[in-house]
Amino acid sequence: MAAALAVSPTRMELMKLRKRVGLAQRGHDLLKEKMDALVMEFFEVLRRIQDSRAKALEQLSKAHRALSNCFAVMGTLETMQAARETKRELQLEISTRFIMGITVPAVEVGEVERNAVARGYSLHMTSSELDEASREFERALKLLVELAELEASAFAIAKELEKTKRRVNALEYILIPRLRGALKFIMMRLDEMERENFTRLKRIKAILEERG
Amino acid sequence: MERIIKLELGRLNVHLPERRISLREALSSPKPSVRTRDGSTHFFKREELESLSKLLPETDWDKLQLPILIALDPKLGRGAARISGEPEARVAGKILNKRAAGELLIYRPEVAALRRELPTTTQYLFM
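Residue numbers (the numbering used here), protein chains in the order written: chain A, 6 to 217; chain B, 528 to 654.
Any given hint could be a false lead.
[Claimed, not checked] Straight-line Cα separation of at most 25 Å, DSS-like style, residue types lysine-lysine; simulated pairs:
| # | chain 1 | residue 1 | chain 2 | residue 2 |
| --- | --- | --- | --- | --- |
| 1 | B | K533 | A | K24 |
| 2 | B | K533 | A | K164 |
| 3 | B | K533 | A | K37 |
| 4 | B | K533 | A | K21 |
| 5 | B | K558 | A | K147 |
| 6 | B | K590 | B | K625 |
[Unchecked claim] FRET-style restraints, in silico, Cβ to Cβ:
| # | chain 1 | residue 1 | chain 2 | residue 2 | range |
| --- | --- | --- | --- | --- | --- |
| 7 | B | R643 | A | M198 | 56 to 66 Å |
| 8 | A | T204 | B | L536 | 44 to 54 Å |
| 9 | B | K581 | A | E90 | 37 to 47 Å |
| 10 | A | E197 | B | A628 | 47 to 57 Å |
| 11 | A | E197 | B | L536 | 32 to 42 Å |
Don't read these hints as lab results, they were simulated from the structure. Using N, Cα and C, we set each Cβ at its ideal position, and we do this for glycine too.
Using the sequences and the accompanying hints, generate a full structural model.
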């Protein structure tokens, strides 16, 4: 153990090692707190992802049903033509929020649902089924943006969690035991040296008494 | 390894703001945000600010400092956290249905519940 850290058995080294153990222990405790908090955040985001994904899937299936109706009423080519004419823009505000130093995206979606005029396709050539399908897809888009935000957050948290866990384990299973081993070695060596000294002094005293 | 520990310890609180802002300031700002120690910007969600404003009388809006800090201190024991400051503790207490007097001590499930309610207006502080 001590050889791995190459320590010399002196009192100075003992004091230095005690400081290092203290720092490593403090780092370990704090990183473990961080890890616990990250796990908590991660599970919370996962729970929200589940809810959000279920909602998005339900909305998408509604939208596809509405699109099928639209194909049936208007015809495929006409629907595709109207889709090409539609304005493709979405107001998004992407900022960041922090969870313990991890940057996670925060997306605020503006008004996604538009009226038929704002969508940009010709009104007298299309049926109300197209409006219905568009509305359902716009609703789905809002939910998908929210889902994307959550998935990006989960990914960032998971990466940080992995890094923190590796550090906590390195401290817990490698560095701290190694430092404690070196500490124990120095203490035992110092005790041994004290005993040797004591025996030597006793021997000298005995020799001096024999001579006297 | 020690260099890494020191670096990690130094990095633990970089997400905290250089200066906290009051609830009134946040509510009156068009883009409520604070500048963090690492120079980036942390934004508050307006709906959270509005729900906070409903929990406190208007006279206390200047006293409530944002973000609310959830202090994780290993001395308190694993999973325990402290919320300091009278209005901050009162708000957290109302959300968690706990009585708070100046300072509030909360535990892991409560921390999770508080973060669920206020994801952008609360931050972790590592002591």
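Tell me if the straight-line CA distance from B:K533 to A:K24 falls inside 25 Å.
It holds: about 13 Å lies between the C-alpha atoms, which stays within 25 Å.
Going straight from one Cα to the other, do B:K558 and A:K147 come out at no more than 25 Å?
The hint holds at about 21 Å.
When you check the alpha-carbon spacing of B:K533 and A:K21, does it fall within 25 Å?
holds (16 Å)
B:A628 and A:E197 - C-beta distance against the hinted 47 to 57 Å:
About 56 Å separates the Cβ atoms of A:E197 and B:A628, which means 47 to 57 Å holds.
Would you check the hint for B:K590 and B:K625, treating anything up to 25 Å between C-alpha atoms as holding?
With a Cα-Cα distance of about 20 Å, the restraint between B:K590 and B:K625 holds, given a limit of 25 Å.
Tell me if the beta carbons of A:E197 and B:L536 are separated by a distance inside 32 to 42 Å.
At roughly 36 Å between Cβ atoms, B:L536 and A:E197 fall inside 32 to 42 Å, so the hint holds.
Confirm or reject the claim that B:K581 and A:E90 have a C-beta distance inside 37 to 47 Å.
holds (45 Å)
Given the hint of 44 to 54 Å, check if A:T204 and B:L536 actually sit that far apart at their C-beta atoms.
holds (45 Å)
Would you say the C-beta atoms of B:R643 and A:M198 sit inside 56 to 66 Å of each other?
With Cβ atoms ~59 Å apart, the hint holds.
Do the alpha carbons of B:K533 and A:K37 lie within 25 Å of each other, as the hint requires?
Roughly 15 Å separates the two Cα atoms, so the pair holds.
Are the Cα positions of B:K533 and A:K164 separated by 25 Å at most?
holds (21 Å)
Hint check: no violations occur; every hint is consistent with the structure.
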